[in-house]
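First to last, the protein sequences are chains A and B.
Per our numbering: the first sequence = residues 1 to 167.
Per our numbering: the second sequence = residues 168 to 305.
If you're looking for bench data, these hints aren't it; they were derived computationally from the structure.
All of these numbers come straight from a predicted model, not from anything done at the bench.
Check each hint, because a few of them may be wrong.
What the hints assert, rightly or not - Footprint (simulated), chain A over chain B, 3 or more residues, beta carbon under 8 Å:
1) 225-237
2) 261-272
Stated by the list, open to error - Simulated pairs of lysine to aspartate or glutamate, EDC-like, Cα-Cα distance not exceeding 20 Å:
3) A:K46 with B:E203
4) A:K39 with B:E284
5) A:K125 with B:E203
6) A:K46 with B:E188
For every residue, glycine included, the Cβ atom is placed at its ideal position computed from N, Cα and C.
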Amino acid sequence: MHGLEAIAFNKGWEIAFLGVLIVFSGLVFLSLAISQLYKLLDLWDKRMDVFYFIKDKIRSLEVKHPVSKDSFGRSVTKYQPPPGTVASRPVPPHVIENLKLYKMLSETISSVELFLLPRLLKVAKKRGLARPHSTINELIQERLLIPDGEGYFQWSYRALNHLTKLR
Amino acid sequence: MSGYIDLLKRMDLFKELFPRELEKFASIIHRMKILEGEMVFQRGDPAQQFYIVLSGDFMVYFKNGRSFTLHKKGDIFGYSTLITPFKYSGTVVAFTDGEALTLSGQDFLRLIQGNAELGGKIMKKIYQIMNERLPFTS
Chain A
1 MHGLEAIAFN KGWEIAFLGV LIVFSGLVFL SLAISQLYKL LDLWDKRMDV FYFIKDKIRS
61 LEVKHPVSKD SFGRSVTKYQ PPPGTVASRP VPPHVIENLK LYKMLSETIS SVELFLLPRL
121 LKVAKKRGLA RPHSTINELI QERLLIPDGE GYFQWSYRAL NHLTKLR
Chain B
168 MSGYIDLLKR MDLFKELFPR ELEKFASIIH RMKILEGEMV FQRGDPAQQF YIVLSGDFMV
228 YFKNGRSFTL HKKGDIFGYS TLITPFKYSG TVVAFTDGEA LTLSGQDFLR LIQGNAELGG
288 KIMKKIYQIM NERLPFTS
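Chain A extracted, bound-state conformation (with noise of 0.2 Å):
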């Protein structure tokens, strides 16, 4: 036997095949590996700064607990109450005074629960009250003075209360 014939005998075309099929995959694995090489190389430049990324990551994952959202619907990490909600924290006398006083001047800019801020630190600011900026800043943080969300500011239910046991 000679020549193909003896090749098929001894199944040649099939370790021929064979060896083909290993040899292109070697190569199409070995050119994979050269196209993403720059990425390990710009990895291994970046090694540190992936180190503290992850750190950071991973600091980040810490179980938090947001009870409620800003003004823009993001989860505030620090307590606060709800708007409207009753705080255990007493309201200041001087807060409550002017509470009254900017409760009134709210009324002559609006006539509905809904109000712009800059008008009513305009009004206030033109009436010659004292600090008009922080004592509005003040009802604010103390939840009397709330933002509806779109722009417009309200009193809450808690300074409702208040000035309801003040008459």
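Following the hints, complete the assembly by docking chain B onto the known chain A.
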């Protein structure tokens, strides 16, 4: 400068940046004091500075009178420095004495335009913030 890096790292806008990217920002940042009642900038002014709140409370209001307030460290205002026509779209007033970090609009733009990855990370956050504030401007 390392003090600024630690500060920036804790802020939402910069928390995804790598340390050497933070260094670039830290090198162009300045600190400024703002007084109660001060108008930081007015709507229509050329937008030259980008601000990051360190302390204090601020009100941002727009032509339609709508407003929102900022009270947290890391809150930002003045992002019109990065967006045409580079004029402030709102007015910012300080409710209390405070401090802010400022970046010149030119330096900020140069930084993010010179580095696509860095620019992508920052602008993604800024667009998120712009989106949140869009209802207030219309």
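Going down the list of hints, with the structure as the test:
Coverage of the segment 225-237 of chain B by chain A holds [criterion: at least 3 residues with CB-CB distance below 8 Å; count 9]. Residues of the segment 261-272 of chain B lying with their CB closer than 8 Å to a CB of chain A number 3, which satisfies the three-residue condition for coverage. Taking the CA atoms of A:K46 and B:E203, the gap is near 44 Å; set against the 20 Å cutoff, the hint is violated. For the hint linking A:K39 to B:E284, the alpha-carbon distance of about 15 Å falls within 20 Å, and the restraint holds.
Restraint check for A:K125 and B:E203: the C-alpha separation of about 13 Å stays at or below 20 Å, so the hint holds. At roughly 11 Å between alpha-carbon atoms, A:K46 and B:E188 fall within 20 Å of each other, so this suggested pair holds.
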